[in-house]
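*Asks:* For chain A, the structure is supplied; the task is to place chains B and C on it using the hints.
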Amino acid sequence: MTQTLPDSAATGAASPVVELRGVRHGFEGVQALRGVSFEVGAGEVVGLIGENGAGKSTLVKILTGVLQPDEGSLLLHGEPVRFASPRAARHAGIAAMYQEPLIFPDLSVAENIFVGRQPSRSVFVDWSAMQEQAHGFLRRLGIELDPKTPARDLSVAERQLVEIAKALSLGAQIVILDEPTAVLSAREVDRLLEIVRRLREHGITLLYITHRLDEVMKVTDRVVVLRDGEKVADVRTAETTMRDLVRSMVGQELAALEQKRRDAQPSEEVMLDARGLTRYGYFEDVSFQVRRGEILGVFGLVGAGRTEVAQALFGIDPIDAGSIVLDGRPFVPRSPRHAIRSGVAYLPENRLLNGLVAPLAIRLNMTMTIWSALARLGIVRERPIDRSVDDLARRVRLQRGSRRRPASTLSGGNQQKVVLSKWLATHPKVLILDEPTHGVDVGAKADVLRIVAEHATAGVAVVVISSELEEIKDLSDRVIVMQAGTVSGEFATPVDEDRVVAAAYGLQHETAETPT
Amino acid sequence: MSGFRHLLRWESGLAVLAVALFAFMASASSNFATSFTLQSLALNSTVIGFLALGVAPVIISGDIDISIAAMLGLCTIVMADVWHGGVNIWVAAVISMLLGCVLGFANGIFVVLLELPSLAITLGSMGAYTGIAFLILGGSAITGFPNSLVTLGTGLAPGTGIPWSTFVLLAAAAALAFLLHRTVVGRAIFAIGSNKQASRFSGLAVVRTKILVFVISGFMSGVAAVFYAGYFDTAQGGLGSEDLLPAITVVILGGVSAYGGTGTIPGVVLALFVLGILQTGLGVLGLSGQEQTIAVGLTLILALAVSAASRALRARLATAVPRVPSREAA
Amino acid sequence: MRRRLDSVLASVSRAPELGLIWILAAITIYAVAALPAFRTTSNADQILSNSTIIAILALAETMVLLTRQIDLSVGAILGLCAYVVGSAIGHVGGGPAVAIALSLGLGGVLGLGNALLVDLIRMPAIIATLATLSIYGGLQVVVTNGSQLYAYQLPHWVNALYSTHWGPLPAFAAVAVIFVVLLTIAVQLTRWGRDLYAMGSNPGAAAYAGLPVRRHTYEAFIACGALSGFAGLLYAAQYGNVDATAGNGIELTAIAAAVIGGVSLFGGAGSPLGAALGALLLIEIENILAIEKISIFAQELLQGLAIIASVAVYALVRRYAQVRARRRLRLKPVEPLPAAAIEPVPITVEGREASL
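Protein chains in written order, with my numbering: chain A, 1 to 516; chain B, 1 to 330; chain C, 1 to 356.
Simulated from the structure, these hints should not be mistaken for laboratory data.
All of these numbers come straight from a predicted model, not from anything done at the bench.
By construction, the Cβ of each residue, glycine as well, lies at the ideal position given by its N, Cα and C atoms.
From the structure, some residues in chain A lie toward chain B, with a derived Cβ separation under 8 Å:
no.	residue
1	Ile340
2	Pro348
3	Leu353
4	Asn354
5	Pro359
6	Leu360
7	Thr369
8	Lys422
Isolated chain A, as found in the complex (with noise of 0.2 Å):
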């Protein structure tokens, strides 16, 4: 049964500034937030944590005026609002700030922080005042950053800091930080936990949304927990403890995934073999092996390295140091075609941007892989490619109706299961998929694990890179977890979800269990 955490009241102090009430949203069949309602009180800082797939990206999209509610209303200050655009929140007081920055790359660091607003006299802009009033920003930050560097210079965590510093500088009274801390050391964490404290000072309203929940112990007031776009834990951080912030993100019910492979014969042949695998500001010495009929999982929280990992493999990004052997040969990847042809399939993270050619036809989608496989003298032969098409439809159970429809058409679950026919089309020896249920329904889900546990039985050496601990669990022969660009753990299942989900937060075992 689930385990539900005592709710506890509001938080006492005077009218919450931030509240929602059971507000709903769906988009194209699939329910992102059925009915969350809670609230969030002047000078709080409230974590708001959940699987990939919890609804925590829509919640932040509603918030800041990206999305609106299809049901349920939004108060600030005790009045119902609804925020028509970005603009209207961001006026309203509400700063997001997000992983990948938004910055102007050939603009200085001063400039970026104060674009379209820059201190003035008259019309001309008062470069001093700026300077100034830049550095005084990130001083509070503790960055010894000059503001005159330019953007373009300055690396991603060091480009999180300068939009935290314009979110300050934007007065605002509400900041929502998403995921800010995947790519910052651990000092520059230390320092952002302290700037949240001061804020928090200031009166500053914090919604901090992580996966990171030593961090949530740190500096929360209160923490909120999501679960398939329900809202089930909401208590004072000072009550709970990590181990039961886990339990309630993961629950303990299966979903619709009840095929555990019991007739899995992993081989003792290893069919890919990595050592010590670098890329110099990505990930560092990763080693593991998979055998051909396995199932890899690779867990870790957003930001851990895992999909570098896999696009070095398949040749998109290079790799400074390491080697591979595949099926017995040295293998150095060239490019996505080299690695294709030499037995490797790559299911990307972004399957709009890197998965499906979203204009083009449905069954030329399943087939881009195999076109010139298809083809005579590089001609297209359509009933080889209709045969091939219904042949990969039935296997994945796609949706019925028409191939030649653009794939921008169909749903989520169906357009992965295009991308993953593509793939399977290819005959690999090794399948990577990164986040194969990403925006995914129930019952699509459930296909895409079927399939992919049917060609581990065959004999393809998969890898499955998930942030979703259930579906890792029951679907791996053994885990791997990565963590701040290196392998932290490795386990065979049945697995402790305990120690994978320290390892997975870099912690030792033992502080697990205890709030710090």
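*Replies:* Using the frame of chain A, we list chains B and C on its own:
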């Protein structure tokens, strides 16, 4: 093919437009519907037709090539110069086509391998190729090409009343249509134009394909050069620069999206026809060459305005109709 | 050694004008040393004066390039305005003020045409200005109607302008300097100008930050057109005769000048000073080639190669600098903040209404 239905609508629209314009011009002037005028129409459209066919794949693949007219000029001049130096005219013609490939390849190298913006590079190569052409001939001109070439450029196929050049143009269009719509390379061009990143992730040979489209563009300019020399019987520096706008207009009017990913060769051919009717008709009605150019510019604007409006309309219709909840396979 | 390279790369990508000044100086020194014909004051005057029109056009082009657009019609605008304004003041009479106002105004209207195409019809700027290049050029032919404007039809002050000196500088060069100064102030020192840079640097982020992106697009194209129109007035002053082909092809030179001067075709980078220096460099090279009796037909080739080379060099330099910057990923260790409470800094927020 993606957007198939949309394009069919566009091409039908073009066909209707062609018929309507033709009827209008024929009624406006008795000189229009004569075989002489129509032959002039066909002959005048040849050079622009080759240029448009050449640059269409580049635009479909998501880039642009504004050096096509300059390549035309340089190829014509080199061909003329080489012939003038004593080489057989047909060998010179082949040289022109090969040179076109080389020039296109140069464009491709800079754009694809160095990953530089195609607008900038072809802007630069436009100047460079024009400049080289001027350097070769200076201010002088070469005329008096052999009869065989002139016949190709101006002559009619016996018994049909259709110019030779039109046959060649249609043959080239057919070949290009085959390449674009029936081969793997053609499919790749469309995919790359729609989403280069996803195409790369799917293992398509993006570099090779993109260089190929630039080579095709150059090759077609080289072919156009042969017909230019045959029709105008003259080669001098700066020739062909006025053909850039009409060629681009034909491509856009033909339904090729300026942003890449969609378009058909039949559409381009229809658009060539429409533009030909427009320009020839206006000429018969007494408009000067410059005035016709203004008309071409306005046509380009109109074509894009219509396509932008139809896109906006379709987007509005899409959001107005409630989405049918998708039935997921159990 | 690597650090030296890094800092050179950094300064080149930050301020390409510096590199340009070096090149300009080097070439000038070579020419002074090697070519006697180069050393005369009249030759220097000629270089300065002849580069003015190109410089003004390069400044015009810079306005749109900064916002990540382009304008191929500047030459046609120049020609059309040269004829219309020249004829107008020739017939009706008028002093400099009228002429300037007229040329700026007409050019601005033509630039507005470009802006409308780009904004309302959503045409990519390259295609839109290709269309207007032909339309405005066609209008120029129609308006001249077979004849041309002759020098004697222009007011005396116009014809005299080219050979006048204001102090040590030729009048033309002084005009160029004035405009460089004005535009540098407008574009690099005002909030409006910095908005343009932001738009070109990251159009999406600019819109998100609430900058009036649409309004600025209009302003950029109108400014470009106005400056091109003014260049037309200068054209009439320099050449006296204005016919149907005036200004044809000059857009390439203008863009080449801007690009060489460090104005990025991607937007967000470059300066009016750089564009003007680029013009000066191009004209100086043209001058040297003429003295050395190298074919003037090498011009266009040179400009084309200059564009390709500049784009390639600047892009590669910026790319390489970014790669090297990313290598230095870890921030330097930071001192912990003092435990004492920090005074809240008064947060000044300038409300900006985003319009259009």
